[in-house]
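Novice: Sequence:
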Amino acid sequence: MPSPNQQIRPLTAQVNARGNLEIGGCDATDLVAAYGTPLYVLDEVTLRTACREYVETLKRVYPGEALAIYASKAWNMLALCALVHQEGLGIDVVSAGELVTALQAGVPADRVYLHGNNKSVEELTLALETGVTLVADNWWELHTLTELGVSLGTKPRILLRLTPGIECHTHEYIQTGHLDSKFGFDPTNLGDLFTFLEGNETLQAVGIHAHIGSQIFELQPHQDLARLLVEIYAKGLHFGLPFQELNVGGGLGISYTESDDPPAISTWVETVAAGVARACEALNLSYPKLICEPGRSIVGPAGVTLYRMGSQKVVPEVRSYVTIDGGMSDNPRPITYGARYTALVANKPEAAPTETVTVAGKHCESGDILLKDIQLPPTEAGDILAVFATGAYNYAMASNYNRLPRPAAVLVHDREATLVLKRETVMDLLRQDHLPERLT
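With this note's numbering applied, the sequence shown covers 104 to 543.
For the record, the hints were derived by calculation from the structure and aren't laboratory data.
Mixed in with the good hints there might be a few duds.
Said to hold, decoys possible - Straight-line Cα separation of at most 25 Å, SDA-like style, residue types lysine to any residue; simulated pairs:
{"no.": "1", "residue 1": "K176", "residue 2": "K338"}
{"no.": "2", "residue 1": "K176", "residue 2": "N221"}
{"no.": "3", "residue 1": "K338", "residue 2": "A367"}
{"no.": "4", "residue 1": "K285", "residue 2": "E250"}
The whole structure should be built from the sequences, with the hints applied where relevant.
Specialist: In structure tokens:
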């Protein structure tokens, strides 16, 4: 059976006896009636299956200790952090907000890793006070952590983020491993870096980290990364640093359209684990604790966004537009990256797709186009559009553009839907506003 990341629809998606799209045993039209639109729907079976494939494959193929940690920037909320923790994953966070959410969800601090290229002093202090591991990104951070460690009487536990100079075929905005990147230490200055840490009695440098990008289908860059990181790990040991962990990041892609062909989760893990193990054996090193950071490949395929369709416009011999009651505020990826998706009409999923249409959002932007020139059956106002593979970076990057409240989210499983994010209201948006008396 294909991995969840290789399938466009959630594992439980099917057409039910009523002729409607069903996810997790829940009829999409019933979900819309109960929770409104736009609505994020997360399939629990797909989420747990992806988590288990990472955990079980690591356990099966890597000869040393290993840990998968969920890159929660893909979608950080209490329910998701709690669910992946139940499945044995740690959590990767990049802000105080994500950090507090993970801890509030019950994730132990020793399984939380804080990333970021410009962590504030307040975020660094919070990390030290809660006992999470920090992924140090630059010299300013090392010096600041040293000062904070002394003042707080603690020894910060850190990994060193390196820029490995490995490029992969993905959108330039989500490449992170090439040398011209805002992230990480330059590997050409390892001597200075390791010498500084060798003489530092406050910082505990327990390992290294690198991440080469996102939505990657190639395996070779990850093999190259594994070999390079082990070589750098060995140099750190030679300097007497207490390295124990090697974090290879994440980046495995998913299927958004039929043309996408990512490797299976298990194949990706096997490639990375074998690369690290071979490099260690070649250098006669003990196996480090291997850490990987999947995000999109866990939550992306589990997500579906439901919209209510509205007006239509036909431009003769040019294009036919159909509209939805959401758009770039709940899914900014198309206007940001040119991302492509697959969709169907949830209340007539088996109807023949006889029309070529462009799905436009409701925002005051000409570029607010969710799906361009896709095949759908004839539609009318009130139909329900289901867009697949929207679990990653949709809610996480959502905005209140045009003062639209962000959607609700439900977790579906075994014919039951559980609200995991309440729908924002207009009053929620106004709550932070302040109207000076001189303007009244």
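Novice: If a hint holds in the structure, say so; if it does not, say that too.
Specialist: Results of checking the hints against the structure:
Taking the CA atoms of K176 and K338, the gap is near 31 Å; set against the 25 Å cutoff, the hint is violated. Only pairs whose Cα atoms come within 25 Å are accepted, and K176 paired with N221 is accepted, the gap being roughly 15 Å. For a cut-off of 25 Å, the pair hint linking K338 to A367 is broken: about 32 Å separates their Cα positions. Straight-line distance between C-alpha atoms of K285 and E250 comes to about 24 Å, which keeps the hinted pair within the 25 Å bound.
Violated hints, in rising order: 1 and 3; the structure is consistent with all others.
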